[in-house]
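From first to last, the protein sequence lines are chains A and B.
If you count the first sequence from 1, position 70 lands on 69 in numbering that gives the first Met the number 0, and the numbers rise without skipping.
If you count the second sequence from 1, position 92 lands on 91 in numbering that gives the first Met the number 0, and the numbers rise without skipping.
There could be a bad hint or two in this list.
Below, in silico cross-link-like pairs of lysine-lysine (BS3-like), each with a Cα-Cα straight-line distance of 25 Å or less [what the hints assert, rightly or not]:
#	chain 1	residue 1	chain 2	residue 2
1	B	92	A	6
2	A	6	B	124
3	A	83	B	17
4	B	122	A	6
5	A	89	B	17
6	B	17	A	6
7	A	128	B	69
8	B	92	A	89
9	A	128	B	92
Not the full set, but computed from the structure, chain B residues with beta-carbon under 7 Å of chain A [what the hints assert, rightly or not]:
#	residue
10	9
11	36
12	97
Now the stretches of chain B that chain A is said to cover, found in silico as 3 or more residues with beta-carbon under 8 Å [said to hold, decoys possible]:
#	segment
13	47-56
14	103-110
Derived from the structure by calculation, the hints contain no laboratory data.
Heads up, the beta-carbon is just placed ideally off N, CA and C, and yes, glycines get one too.
Listed below are the residues making up each chain.
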Amino acid sequence: MAFVNLKNREVQVKIVYCGPGRGGKTTNLEYIYKKFHSRFKTEMVTIKTQGDRTIFFDFLPLGLGKIKGYDIKIQLYTVPGQVKYNATRKLVLRGVDGIVFVADSMAVRRKHNILSLKNLQENLATYNKSIFKIPLVFQYNKRDLASQGIPLLPISTLQKDLNSKLKAPALEASALEGKNVAETLKRIILLTVASLERELK
Amino acid sequence: MTYCLGQPELDGIEQILKADLIDVGVHCVFLIDMAGNIIASLDNGENQHDIYSLAALAAGNFGAVSTMAKIIGEEEFSLLFHKGQKESIHFSKVLSDFLLITIFGQEISLGFLRLKVAEAIEKIKDNLGPSLGV
Ligand SMILES: Nc1nc2c(ncn2[C@@H]2O[C@H](COP(=O)(O)OP(=O)(O)OP(=O)(O)O)[C@@H](O)[C@H]2O)c(=O)[nH]1
Ligand SMILES: [Mg+2]
Numbered sequence: 000m001a002f003v004n005l006k007n008r009e010v011q012v013k014i015v016y017c018g019p020g021r022g023g024k025t026t027n028l029e030y031i032y033k034k035f036h037s038r039f040k041t042e043m044v045t046i047k048t049q050g051d052r053t054i055f056f057d058f059l060p061l062g063l064g065k066i067k068g069y070d071i072k073i074q075l076y077t078v079p080g081q082v083k084y085n086a087t088r089k090l091v092l093r094g095v096d097g098i099v100f101v102a103d104s105m106a107v108r109r110k111h112n113i114l115s116l117k118n119l120q121e122n123l124a125t126y127n128k129s130i131f132k133i134p135l136v137f138q139y140n141k142r143d144l145a146s147q148g149i150p151l152l153p154i155s156t157l158q159k160d161l162n163s164k165l166k167a168p169a170l171e172a173s174a175l176e177g178k179n180v181a182e183t184l185k186r187i188i189l190l191t192v193a194s195l196e197r198e199l200k
Numbered sequence: 000m001t002y003c004l005g006q007p008e009l010d011g012i013e014q015i016l017k018a019d020l021i022d023v024g025v026h027c028v029f030l031i032d033m034a035g036n037i038i039a040s041l042d043n044g045e046n047q048h049d050i051y052s053l054a055a056l057a058a059g060n061f062g063a064v065s066t067m068a069k070i071i072g073e074e075e076f077s078l079l080f081h082k083g084q085k086e087s088i089h090f091s092k093v094l095s096d097f098l099l100i101t102i103f104g105q106e107i108s109l110g111f112l113r114l115k116v117a118e119a120i121e122k123i124k125d126n127l128g129p130s131l132g133v
């Protein structure tokens, strides 16, 4: 539910990082915050439990400068990935304009990725949104673990499991090392802004 | 579901918030949607806050409290209010998709505030309604 303020010529856009628990959603936002907060002068808000798991959401606002004369304000959120927090996860998705699905590349997390994507589709449906229509980018995270000998899912498997029908852009990443974190963000922003432009025409 | 508001509507809303709330002693007021977007925000020039974070948290908090209400079989809780030592915060729903949030000090009573908020909301509806087609 993007909001266009014609008076200040400002557009507010909500992008949500989804995906299974411990997949690296919060780590993505923390990296973006560390990298850019001196430039954007924003603060990150997190609502966590003691064990560092997200219980409600993380929030990071970014002012992006102008696109076609409009000031673009991006609000980044993460949902809690743990299955038991579906009530709060659903709340965070309210009014979402674009989604990054952070999948965990570890072989042992294969089923968690698939179930989490299915849950996302169901939650979007309760807001009358289709996962096939909303701007979406996949991030296959934790690729760095390969160098430590931890079994990872091949990209082809991840694509087949998650992206065979959706055919969304997908990036390999390491949120911990910051690899492809900014690129993922850039991709979803471009997709989301393009989709808003189409909608407003 | 993108929506736009133009200068006349936004000016109208800001005038209402100023005359009905800021001018009677409210420190800070903002109108947001349930996604956490900020439609209008005003303060008295003395009490400024990080409104982007407040808006995100307020939308989340309101959503959480509404869901709790449903779980125990209530339509909604009519009073949403947190009292602090110096400042308090009050939430009020506007139409089905918006929230009016006021932050105020001890100079004004909760009863008076609720009265003024209710008046402001009636007027805001006239400004929001036509643009949103409700
Ligand atoms: N090796 C490695 N570890 C990562 C990477 N990304 C995240 N982690 C680690 O995985 C753990 C969980 O990361 P979080 O970012 O908290 O995961 P989350 O998706 O926010 O989890 P929930 O809040 O429970 O949904 C942390 O210990 C991170 O340091 C990565 O790219 N590589
Ligand atoms: Mg998290």
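Requested in this report: Using 7 Å as the Cβ threshold, decide whether residue 36 of chain B counts as touching chain A.
Outcome: Given a least distance of 4 Å, the restraint on residue 36 of chain B holds.
Query raised in the report: Within a Cα-Cα threshold of 25 Å, do residue 83 of chain A and residue 17 of chain B meet the stated pairing?
Result: violated, 43 Å
Report task. With a cut-off of 25 Å on the C-alpha distance, tell me whether residue 128 of chain A and residue 69 of chain B pass. Result -> It holds: about 22 Å lies between the C-alpha atoms, which stays within 25 Å.
Report task. Go through the hint on residue 9 of chain B and say holds or violated, using the shortest Cβ distance to chain A against 7 Å. Result -> It holds, given that the least Cβ distance between residue 9 of chain B and chain A is near 4 Å, below 7 Å.
Query raised in the report: Are there three or more residues in the segment 103-110 of chain B whose C-beta lies within less than 8 Å of some C-beta in chain A?
Result: With 0 residues closer than 8 Å to chain A, the segment 103-110 of chain B misses the three-residue bar; violated.
**Report entry** chain A over the segment 47-56 of chain B, status - at least 3 residues with CB closer than 8 Å
**Finding:** holds (count 5)
Query raised in the report: Straight-line Cα separation of residue 92 of chain B and residue 6 of chain A no greater than 25 Å?
Result: Holds, at about 24 Å.
Query raised in the report: Minimum Cβ distance from residue 97 of chain B to chain A below 7 Å?
Result: Violated - the Cβ of residue 97 of chain B stays beyond 7 Å from chain A, reaching only about 11 Å at its closest.
Query - Hinted pair residue 89 of chain A and residue 17 of chain B, Cα distance within 25 Å - result: Judged against 25 Å, a Cα distance of about 34 Å means the pair is violated.
Query - Proposed proximity, residue 124 of chain B with residue 6 of chain A (alpha carbon, max 25 Å) - result: Given pair residue 6 of chain A, residue 124 of chain B holds - Cα atoms ~19 Å apart, limit 25 Å.
Query - 25 Å Cα cutoff - pair residue 122 of chain B, residue 6 of chain A - result: holds, 20 Å
Query raised in the report: Would the pair residue 92 of chain B and residue 89 of chain A pass a check requiring their Cα atoms to be no farther apart than 25 Å?
Result: OK: residue 92 of chain B and residue 89 of chain A at ~19 Å, within 25 Å.
In this structure, the hints that do not hold are numbers 3, 5, 12, 14, in rising order.
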